[in-house]
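S.K.: Dock chain B against chain A, hints included.
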Amino acid sequence: MSTITRRDFIRFAGAATLGLMGAGGTARAARRASAHVVVIGGGFGGATCARYLKRVDPGIKVTLIEANERFITCPFSNYVLAGWRTLDSITHGYDGLKRDGVEVVLARATGVDPAARRVSLEGGTSVAYDRLVVAPGIDFRWGAIAGYDEKAAEVMPHAWKAGAQTLLLRRQLEAMPDGGTFVMAAPDNPFRCPPGPYERASVIANYLKRHKPKSKILILDAKEGFSKQGLFMEGWKKLYPGMIEWVPGAKGGKVNAVDPKTKTLEGDFEKYTGDVINVIPPQRAGEIAHAAGLTDASGWCPVDPLTFESKQQKGIYVIGDAAIATPMPKSGFAANSHAKRVAAVIAGELQDQALTDGVYTNTCYSLLAPDYGISVANVYRFTAQGIKEVQGAGGVSPLGADAAFRQDEAKYALGWYASITAEAWG
Amino acid sequence: MGRVRQHLSLLVLLPVGALAACQTTSSSTPAASADQAMARNIANNCFTCHGPGGRSPGTIPSLDRLSAATIASRLKGFKSGTEPSTVMGRHAKAYSDAEIEAVARYIASGGR
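For the protein sequence lines, the chains are A and B, in the order given.
So the mapping is simple: our numbering equals the position in the first sequence, first residue as 1, plus 607.
So the mapping is simple: our numbering equals the position in the second sequence, first residue as 1, plus 151.
Same shape as in the complex, but just chain B:
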């Protein structure tokens, strides 16, 4: 992880022309950041109903104090139907298990 960070810093310091070339030769970093972007994207969908950052101001449960394992297992339960719900089953069925695990980690770590 430390190495990846330093690599990112280096990229930032390179002139713009060289940047494009570096990005095409670096395979893992863009993929990792794409996964991260997707986790953030999905979490932002959750926050529309569950409140900013998962802290609900109203009658819908908050997410911000749940562990990644709890969020992932509830979502998988909604998806399979073993966990009863009003609307969550309809949402959870849209995501792959990998996406569910990624968004659960993202929300549980406070958006990182």
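Chain A on its own, in the form it takes in the complex:
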């Protein structure tokens, strides 16, 4: 990177004019120039953070550690299920990060030694860091639903990490007979992408309506309500009347056990069965967060609401789905916001700048049909007292809006994806 930022220029110009390269200035510049920030995880949070660190201060050395050569986004993977998008179109590589001067190490991080400030990698090597950003996303609590383990997921896919699981569920839907039942088990809060299960039910309804119109969808939910519920239900009634049934926890929707052999799900009151079964299991922070001692009893990572520094390990920042950032949802957009915040916090620290409060956003679009979009948007102030939703702003799309409004939001959903993925990987 040969680009000189304006700040660097001022610094150089000042030094040259005065002819005074004082000891303090050189030491500080050297500290900043040699600072090494390591980011674990190349998803929405990690990739965006690595690039923003380089953007805020090209003098910082940034290394991204990621196990896979390519990242497949969970957002828009529902549209692969519906047959609207290919998996290729939601798959992203790391060339953009390399162009920005980020060193990309393709390896699985297996542990962190916070005292020695080193990340150990599969294969026995390790990487030293001055600051560490951990963005591991989610892992599943296998066995939290009795009988639902990795093997069961080959019969009843979760498809909640996009890739092979998405294609498996798609094949099952394609093979399902007309008049069949698609059953989904939706988890309790907190989990990745709160509107995701209901968007999935919507777009699968769209596919079934076109290709297998006698089919039904049953959502078995561990919760009593869900994100954008009024808007989803309004849309289902209008677009897919009589096709989607939602069973809340109190009415027996919570799935306690599954049997992949008989394709049954066991609720509090009765057993359910279906032709295609999608179990979205309870979740927790990605594995490395546990290995690094960043999680608490909840399975997620407590962080300082102002800086996203781990409350359990100094010098380590946790962003994205793994972090407890209530009231922000676990979404790609929230991860993008955390990423920008942490890039500013780390760069500011290395430059000895005072830390200011932050203001960040979340906007999640869901499609109910290719021309029918809805959204939730919120703005949050990051303060020492916590993350606060700005009152009087934010909220969901209006109920009863006309077709043009829904069409505009469907159009903007596509634009949202193009932009946020360009920021992360483009």
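No false leads were mixed into what you were given.
Restricting the straight-line Cα-Cα distance to at most 30 Å, the calculated cross-link-like pairs of lysine-lysine (DSSO-like) are:
1) A:Lys823 <-> A:Lys845
2) A:Lys878 <-> A:Lys830
3) A:Lys868 <-> A:Lys858
4) A:Lys768 <-> A:Lys870
5) A:Lys1018 <-> A:Lys816
6) A:Lys844 <-> A:Lys870
7) B:Lys244 <-> A:Lys1018
8) B:Lys244 <-> A:Lys995
9) A:Lys995 <-> B:Lys227
10) A:Lys918 <-> A:Lys668
11) B:Lys227 <-> A:Lys1018
12) A:Lys768 <-> A:Lys1018
Computed beta-carbon distance windows for the label pairs:
13) A:Gly993 <-> B:Pro235: 32 to 38 Å
14) A:Gly832 <-> B:Gln187: 38 to 44 Å
15) B:Ser213 <-> A:Lys921: 37 to 43 Å
16) A:Thr788 <-> B:Thr221: 50 to 56 Å
17) A:Gln992 <-> B:Glu234: 32 to 38 Å
18) B:Ser213 <-> A:Met840: 31 to 37 Å
Since the hints were derived computationally from the structure, they do not count as laboratory data.
Cβ atoms here follow ideal geometry from the backbone N, Cα and C, with glycine treated the same way.
M.R.: Quick look at chain B alone, frame taken from chain A:
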């Protein structure tokens, strides 16, 4: 402005111990830089949907060729509701007019 820049350079050249003392006695510079940090922070929120640097690769309008006056007046319109929108009204209501003007200047000047 020239004086402020030179002051910043001097700060950088001072030993670290003295730096803290200088910062506490200099009132305008940290405040100006805090405002700048906030403008950059808010602009970065815009770029998530409007594209890197405000250059949109998709169906959401780009911001990078708009003047500060246009950005500020549209945002104020979204905030008051005089300008119809899908999602922008929900965002704009979260910011003060001063923040709107600062972020408009920041985006229109290409991130400075």
